[in-house]
Amino acid sequence: MSDRTDCTKVQALLEGPPAQMRAIPESVLQHLKECESCNDAVLAELLIAEAVRDEPLVPLEPLFEQKLNARLFSGPVSYVPSRTDRFLRWQDRFALFVLAVLGLTYGPRLLEINQPVFDAYSQTFVQLGRGWLSFADSLSVALFQSATRPVAVLVSVFISVVLLLVSKNLKRRDALSLAERG
Amino acid sequence: MLDGVKTDQSKADRFLEAYREAPEDAFQQLMNEFKERVYLFCHRACYSPEDAQDLAQEVFIRAWKGLPRFRGHSSISTWLYRIAWNVCAGYLERKKRSVELVPIKEDCDEPAAGDGISLTFKDPQAERLENAEFVRGVLRSLPAAQQLVLTLYYVEEQSYEEMASVTGWPMGTVKATLHRGRNSLRALALKVAQRPKRGSHE
Chain S
1 MSDRTDCTKV QALLEGPPAQ MRAIPESVLQ HLKECESCND AVLAELLIAE AVRDEPLVPL
61 EPLFEQKLNA RLFSGPVSYV PSRTDRFLRW QDRFALFVLA VLGLTYGPRL LEINQPVFDA
121 YSQTFVQLGR GWLSFADSLS VALFQSATRP VAVLVSVFIS VVLLLVSKNL KRRDALSLAE
181 RG
Chain F
1 MLDGVKTDQS KADRFLEAYR EAPEDAFQQL MNEFKERVYL FCHRACYSPE DAQDLAQEVF
61 IRAWKGLPRF RGHSSISTWL YRIAWNVCAG YLERKKRSVE LVPIKEDCDE PAAGDGISLT
121 FKDPQAERLE NAEFVRGVLR SLPAAQQLVL TLYYVEEQSY EEMASVTGWP MGTVKATLHR
181 GRNSLRALAL KVAQRPKRGS HE
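Line by line, the protein sequences give chains S and F.
Heads up, the first sequence is in the numbering used here, so the first residue is 1 and it goes up one at a time.
Heads up, the second sequence is in the numbering used here, so the first residue is 1 and it goes up one at a time.
Careful: at least some of the hints might be erroneous.
[What the hints assert, rightly or not] As a list, the in silico EDC-like pairs of lysine to aspartate or glutamate whose alpha-carbon atoms are at most 20 Å apart:
id : chain 1 : residue 1 : chain 2 : residue 2
1  : F       : LYS65     : F       : GLU127
2  : F       : LYS95     : F       : ASP51
3  : S       : LYS67     : F       : ASP54
4  : S       : LYS67     : F       : GLU17
Honestly, the hints are just simulated from the structure, not real lab data.
Please read all numbers here as calculations on a predicted model, not as lab measurements.
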């Protein structure tokens, strides 16, 4: 007949940390041979531990680490320090300036806005007395006179876009090389 | 598998020392030690190998970003599982499942005694695996929070304090969740444990 004290020990063992189950005392083992309910309870606990621990999993894919390392240590451009992350670099600014000048110059013509409107519009700039705007106005007049066909405008726009793309590409290349250097 | 699972304070200190000297190497070691277990933990939240691997990657990425703020006040394991818990909780929220403590249904889907149990002789090893699979079937039917807490308890062998730290729950909630989970599994496991004896009598 099993001893109630030993049953209490088994109960304590079951309620304790799982590590205790790896080193069951000899006295408790002896008790388990005699007490069927305690034996079942311990077997059940071992079974639960095994079921939770030894879940048959699809193995981690071999590239798990490489992928993770790539994401961590040579990741996308957004991880690169802000030194190269300036919003606009000089190439961008230059290209945008050219685009703006072209827009001011040829926009009205391409949109078939009549000359008086364009004049009024440029006069307004002058009247505003803003130096840079009057400079743009003078420049636009010069460009307006030198260009003969809208094709020229398209070519200019194309050059500006290429400049922008080249600038972006340079920026990306700088960022990647910086990331590689760590 | 469980050797060296427990990470203590001195281990956290050693890790921090190694991290200060060579961050990437230290992190690599951390990843090598925990990747399988973090993967298992994440798998319990989604039961999809692909999603689990993505979640595990997310855990390590967050860990890497958060390492400069790790002061070693808790063990590395607790800290890492805290991140894993949050990642899994986010995943489950996205999946419209809740990791809140959901009371387990009293009439949990437990197979009736003898359900699917063959009384013919079997290789003991095969039978053991089969029994574990029965229990795992019930495990999968438990609420996600209970599965994750059971994983922390049996795989990581974490204490109640550590589990409370990982989950952010009060200790009482952790104990209740674990108790419910274990009781649900125990009901079936006891039936399975008693099965061979009944088989031998019949």
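The hints, checked one at a time:
Restraint check: the Cα-Cα separation between LYS65(F) and GLU127(F) comes to about 45 Å, which exceeds 20 Å; the hinted pair is violated. A hinted pair counts as satisfied when its Cα atoms are at most 20 Å apart, and LYS95(F) with ASP51(F) qualifies at roughly 12 Å. Distance restraint check for LYS67(S) and ASP54(F): the Cα-Cα separation of roughly 10 Å lies within the 20 Å cut-off, and the hinted pair is therefore satisfied. For a cut-off of 20 Å, the pair hint linking LYS67(S) to GLU17(F) is broken: about 26 Å separates their Cα positions.
The structure does not agree with the numbered hints 1, 4 stated previously, though it agrees with the rest.
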